[in-house]
Amino acid sequence: MNTKAQAFTLEGVASALILLLALYTLYQSSLVISPRWSEAVNMQTKIKAQDTLKILDSYEKVDGKFHNDSLQGMIVNLKDCTIGVNCTPNTEFLTSLSIILGDYDYRLELYWVNNSTINSAALVDKKPSPNAVAASRYVLLNNSELRNSVFYRGGEDWKPMIFEVRLILWRP
Amino acid sequence: MASMKDRGQILILFTLVVSTIIISISVLHAQNILAGMETSRTMMLFPKEEIRNLKDLADVAVKKMPSAKWQEYSQEIYDQIRTLYSQKGVYGDLIIVENGNKVILNFVSADVEYSETIYCVGGECR
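If you read the sequences in order, they're chains A and B.
All the letters of the first sequence, read from the start, carry residue numbers 88 to 259 under the numbering used here.
All the letters of the second sequence, read from the start, carry residue numbers 47 to 172 under the numbering used here.
These are calculated hints, taken from the structure and not from any lab test.
Accuracy of the hints is not assured; some may be wrong.
[Said to hold, decoys possible] In silico DSSO-like pairs for lysine-lysine, Cα to Cα no more than 27 angstroms straight-line:
(1) Lys148(A) x Lys110(B)
(2) Lys101(B) x Lys148(A)
(3) Lys109(B) x Lys246(A)
(4) Lys110(B) x Lys166(A)
(5) Lys148(A) x Lys134(B)
(6) Lys135(A) x Lys101(B)
(7) Lys148(B) x Lys133(A)
(8) Lys166(A) x Lys152(A)
(9) Lys134(B) x Lys213(A)
(10) Lys152(A) x Lys109(B)
(11) Lys101(B) x Lys141(A)
(12) Lys133(A) x Lys134(B)
(13) Lys213(A) x Lys141(A)
(14) Lys148(A) x Lys246(A)
(15) Lys135(A) x Lys148(B)
(16) Lys91(A) x Lys141(A)
(17) Lys94(B) x Lys115(B)
(18) Lys213(A) x Lys110(B)
(19) Lys152(A) x Lys134(B)
(20) Lys148(B) x Lys141(A)
(21) Lys110(B) x Lys141(A)
(22) Lys246(A) x Lys135(A)
(23) Lys109(B) x Lys214(A)
(24) Lys152(A) x Lys94(B)
(25) Lys110(B) x Lys152(A)
(26) Lys91(A) x Lys166(A)
(27) Lys246(A) x Lys133(A)
(28) Lys246(A) x Lys166(A)
(29) Lys133(A) x Lys115(B)
(30) Lys110(B) x Lys91(A)
(31) Lys115(B) x Lys135(A)
[To be verified] These stretches of chain A come out as covered by chain B in the derived footprint (C-beta under 8 angstroms, 3 or more residues):
(32) 94-102
(33) 159-167
(34) 185-198
(35) 245-257
[What the hints assert, rightly or not] Far from chain A, some chain B residues (derived; all Cβ distances over 10 angstroms):
(36) Glu96
(37) Ala107
(38) Tyr165
Backbone N, C-alpha and C define an ideal beta-carbon position, used for all residues, glycine too.
Chain A on its own, in the form it takes in the complex:
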């Protein structure tokens, strides 16, 4: 038995183990980012939802009326929403929304305050998938602007009413 050869073998094994440990550390460190990619996809969907609501939130026309495909025009044209029936946005609004959203699927909800309590209505009632994200936009309308709407409360024209339009978006 050559003791030198045995020592070389042992040292070779020790070197291999050290190198293996180093490579394992390198491999572990590069795995850190992989579970976080789903968040980036969710953020893209959230930004899409926020941008969509911002695009649809437009000021009134020169004649003081709202565009039918704006959030304001959609709210003003809602019928019987407070009792939960016929609470569907107008066709122009739904067409514009579908064009902007493309192949995304969505649910649309409306919230407003009446006598210190929150009322809500599902304008487009679809069941979201588990990876759905939500974005909100707030619309302020005075009582005078709601005159032909189901939300008209009578009384003074200046009284404000704030609506939260919530868009829930997901990939089908």
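Fit chain B to the supplied structure of chain A, relying on the hints for placement.
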């Protein structure tokens, strides 16, 4: 085996040196990725859209506010915004002061506490 001239010992010594370099670089690499991801995650999770919504709402409120009734108008808006934000588990409000020349905006969530005073002149806020 006792002498440093033996090739085996030099081999293990160089392996140690190379391994140390690889480990140091990989730790640095991992730290950079972690720092970058955490920074972008924090930025993504900051409720900038909620705060932007409040700012836009302040702008619209000041434009639509009747100057003779600004106090009642401010109270109505304050109550409604607070109620609507409360259902999301956060606090948000708008307080119109000084006849609509100043709007105070507050937003508080579990992670962020934000307050801003917006100055409005002639219905334009900035």
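* Asked: Against which earlier hints does the structure fall short, listed by number upward?
  -> 5, 7, 15, 16, 17, 18, 19, 22, 23, 24, 26, 27, 29, 30, 31, 33, 34, 36 and 37
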